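Enquirer: Sequence:
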Amino acid sequence: MCRETRLKPLLLIQIWGSPHEIPKSHLEKLAPDDETGAMAQNLLAYAACFVPSEPIPINLLCATVLDNDEEVMTMLLAEDGIQRLIGLGFLTAAGRAVVMHRLISTFTIQSLPDASTQISVENTLITFIRDNKMQGVYTFAKLPISSTHLHHLMEQAIPRRDLHSARLINLWGKHLRDVGELAQAVNLFLQAYGILVQCVGKIDPESVQSLLHIGNCYIRLSAFRRAYPYLEQYLQACEQLQPPDFPKIARAADQFGIVNITLGDYVQANTHLERALELRLHYLDPDHLYVGSSLVNLCALKLKRGDYEKGREMAARALEIKLERVGENHPDTAIVLNSLADCYLGLGNLEQAEAFAQKSLTIRESTLGSQHLQTAYSLDTLGLIRMAQGQYEAANRQLTHALKIRQKTFGEAHRSTG
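Following the numbering used here, the numbering of the sequence shown begins with 19 at its first residue and continues without gaps.
These aren't lab readings, by the way, just hints derived from the structure by calculation. The model shown is predicted, which means the values in this text are computed figures rather than measured ones. Where is the CB? At the ideal position from N, CA and C, for every residue including glycine. The reader is advised that the hints may include incorrect statements.
List time: in silico SDA-like cross-link candidates among lysine to any residue, alpha-carbon distance up to 20 Å [stated by the list, open to error]:
1) K422 x S240
2) K160 x H170
3) K377 x M405
4) K422 x A241
5) K377 x D398
6) K266 x E250
7) K160 x H348
8) K322 x Y284
9) K422 x L391
10) K328 x Q370
11) K377 x A413
12) K160 x E383
13) K322 x P304
14) K377 x R415
15) K220 x Q260
16) K322 x E383
17) K328 x P304
18) K266 x Y246
19) K328 x N367
20) K422 x E411
21) K266 x P304
22) K426 x L95
23) K422 x A201
24) K160 x A115
25) K377 x H348
26) K426 x N205
27) K322 x A406
28) K377 x G345
29) K377 x A334
30) K220 x L208
31) K266 x Q254
Label pairs and their computed distance ranges (CB to CB) [claimed, not checked]:
32) H300 x E342: 16 to 22 Å
33) I127 x L281: 49 to 55 Å
34) A406 x R114: 46 to 52 Å
35) L208 x A112: 34 to 40 Å
36) L299 x E346: 23 to 29 Å
37) Q254 x K426: 33 to 39 Å
38) G219 x A112: 41 to 47 Å
39) L281 x M91: 41 to 47 Å
40) E257 x L302: 15 to 21 Å
Kindly produce the complete structure, drawing on both the sequences and the hints.
Expert: Okay, here's the thing in structure tokens:
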């Protein structure tokens, strides 16, 4: 079944005399008694909710009028509607996307009967991004649409403080987190959590997940003591869910382990990380990405304890999983490669250490950028390898570059930049 919205009498006639004229006869071709015209009018209303002059993927715009992905005939009708809008000048084709002129967008928005059209577009966008994530895109750094659309819809939704606005805030927070804007991201996650608690309560899967986003972001900011209470709340909430969500409990244990490593409590770290791995091996596929993440974190603990060979074995297994699941040119794979470099550095095999560190750096620069915090971690490792090789000038360049990235991310007063 097709979603429908009925515009008030279109105000597009007011565009006459502007550089973008729409003849009155074109408006009449959007008459609701014509099947394609009615569909075109619906699509016009939904398109106006996006950012004007910014490409809208055609498959996303079509999704706004679909209630079921299997509705082939409705999809074909939607594509016909888009072609009519292009032919009449309401939209401009841009490859597999369309663009709406700013003036047309403005006057169409004025014709919307209520906020339901906007909310429907928000829901479609949330589903569109999540579906893209489920299809193997494991980072929100690169969205399947222009990030300005997500930001625009979030800003429009925030005043409502409802479930849709919280979901959009969380999505924008994930995007900022994955491009390295951690301070902004954690504030968004806190805002979303407050709205979710108000809308659905504390013991709800979405509220619980927001606690993890907050804790994880604080970990990335090296604010480990600030992360702790949110991780505690997350763990308690996961255990209170009916039935208990054991994969999420494993995630909490994993995050606690990371915090304990940083705070120097290696015994507690080992307890948490081993529990996380045990739960994941029980409830997930042995080649699941999260199993790989557990192995990487246990490798980090082995490195701290000086058990480089055991760490290398864990990282090597994690690399197999990451290569199978996300491929070589991915930030998750770069994390494992850097861990392997650290292991080989500890073992004194500088040639292997350099090869893995350089590979990690190349992937991070190409996928995250030269100024991302994770890029700094690869530069640190490479700098230490250069020092061990006696290449002090090269080491200084790389360590200085890493320091500048940290100062940009955390500020010069942060303990990790001292």
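Enquirer: Now tell me if each hint is right for this structure.
Expert: The hints, checked one at a time:
1. For the proposed pair K422 and S240, the alpha carbon gap of about 16 Å is at most 20 Å, so the pair holds.
2. Pair hint K160 plus H170 holds up; C-alpha atoms about 17 Å apart against a cutoff of 20 Å.
3. For the given pair, K377 sits about 18 Å from M405 by alpha-carbon distance, which is consistent with the 20 Å threshold.
4. The suggested pairing of K422 with A241 holds, with an alpha-carbon distance near 19 Å, which does not exceed 20 Å.
5. At most 20 Å may separate the alpha-carbon atoms for a hinted pair to count; K377 and D398 meet this at roughly 14 Å.
6. The suggested pairing of K266 with E250 holds, with an alpha-carbon distance near 12 Å, which does not exceed 20 Å.
7. Of the pairs offered as hints, the one joining K160 and H348 holds, with about 12 Å between alpha carbons and a cut-off of 20 Å not exceeded.
8. Restraint check for K322 and Y284: the C-alpha separation of about 8 Å stays at or below 20 Å, so the hint holds.
9. The suggested pairing of K422 with L391 holds, with an alpha-carbon distance near 10 Å, which does not exceed 20 Å.
10. For the hint linking K328 to Q370, the alpha-carbon distance of about 16 Å falls within 20 Å, and the restraint holds.
11. Straight-line distance between C-alpha atoms of K377 and A413 comes to about 17 Å, which keeps the hinted pair within the 20 Å bound.
12. Distance hint between K160 and E383 is fulfilled; the C-alpha atoms sit about 14 Å from each other, no more than 20 Å.
13. Taking the CA atoms of K322 and P304, the gap is near 25 Å; set against the 20 Å cutoff, the hint is violated.
14. A threshold of 20 Å between alpha carbons decides the hint, and for K377 with R415 the separation of about 18 Å falls inside it, so the pair holds.
15. Annotation: proposed proximity of K220 to Q260 holds, straight-line Cα distance about 14 Å (limit 20 Å).
16. Of the supplied pair hints, the one linking K322 and E383 is violated, its CA atoms being roughly 26 Å apart against a limit of 20 Å.
17. Restraint check for K328 and P304: the C-alpha separation of about 19 Å stays at or below 20 Å, so the hint holds.
18. For the hint linking K266 to Y246, the alpha-carbon distance of about 16 Å falls within 20 Å, and the restraint holds.
19. Distance hint between K328 and N367 is fulfilled; the C-alpha atoms sit about 15 Å from each other, no more than 20 Å.
20. The hinted pair formed by K422 and E411 meets the criterion: a straight-line CA distance of about 17 Å does not exceed 20 Å.
21. Of the pairs offered as hints, the one joining K266 and P304 holds, with about 16 Å between alpha carbons and a cut-off of 20 Å not exceeded.
22. A C-alpha spacing of about 50 Å is found between K426 and L95, which places the hinted pair above 20 Å, so the restraint is violated.
23. For a cut-off of 20 Å, the pair hint linking K422 to A201 stands: about 17 Å separates their Cα positions.
24. At roughly 17 Å between alpha-carbon atoms, K160 and A115 fall within 20 Å of each other, so this suggested pair holds.
25. As the CA atoms of K377 and H348 are separated by approximately 11 Å, the hinted pair is consistent with the 20 Å bound.
26. Note on K426 and N205: the hinted pairing holds, with a Cα-Cα distance of about 18 Å set against a maximum of 20 Å.
27. For the given pair, K322 sits about 18 Å from A406 by alpha-carbon distance, which is consistent with the 20 Å threshold.
28. The straight-line distance between the Cα atoms of K377 and G345 is roughly 13 Å, inside the 20 Å bound, and the hint therefore holds.
29. Between K377 and A334 the alpha-carbon distance is near 15 Å, which keeps this suggested pair within the 20 Å criterion.
30. For the proposed pair K220 and L208, the alpha carbon gap of about 13 Å is at most 20 Å, so the pair holds.
31. Between K266 and Q254, the direct Cα distance comes to roughly 11 Å. Compliance with the 20 Å bound is thereby established for this hinted pair.
32. Taking the beta carbon of each, H300 and E342 are about 20 Å apart, inside 16 to 22 Å as hinted.
33. I127 and L281 have their C-beta atoms about 51 Å apart, which keeps the hinted 49 to 55 Å range intact.
34. The hinted window of 46 to 52 Å between A406 and R114 holds, with their beta carbons roughly 50 Å apart.
35. Hint check: L208 to A112, Cβ distance near 37 Å, so the stated range 34 to 40 Å holds.
36. Separation of L299 from E346 is about 25 Å and conforms to the stated range, judged on CB atoms against 23 to 29 Å.
37. Here the CB-CB span from Q254 to K426 is close to 36 Å, well matched to the stated 33 to 39 Å.
38. Distance hint check for G219 and A112: the Cβ-Cβ separation is about 43 Å, which falls inside the suggested range of 41 to 47 Å.
39. One distance hint, 41 to 47 Å for the beta-carbon pair L281 and M91, is violated here, with the actual separation near 59 Å.
40. Remark: the range hint 15 to 21 Å for E257 to L302 is upheld by a beta-carbon distance near 18 Å.
Checked against the numbered hints given earlier, the structure breaks hints 13, 16, 22, 39 and satisfies all the rest.
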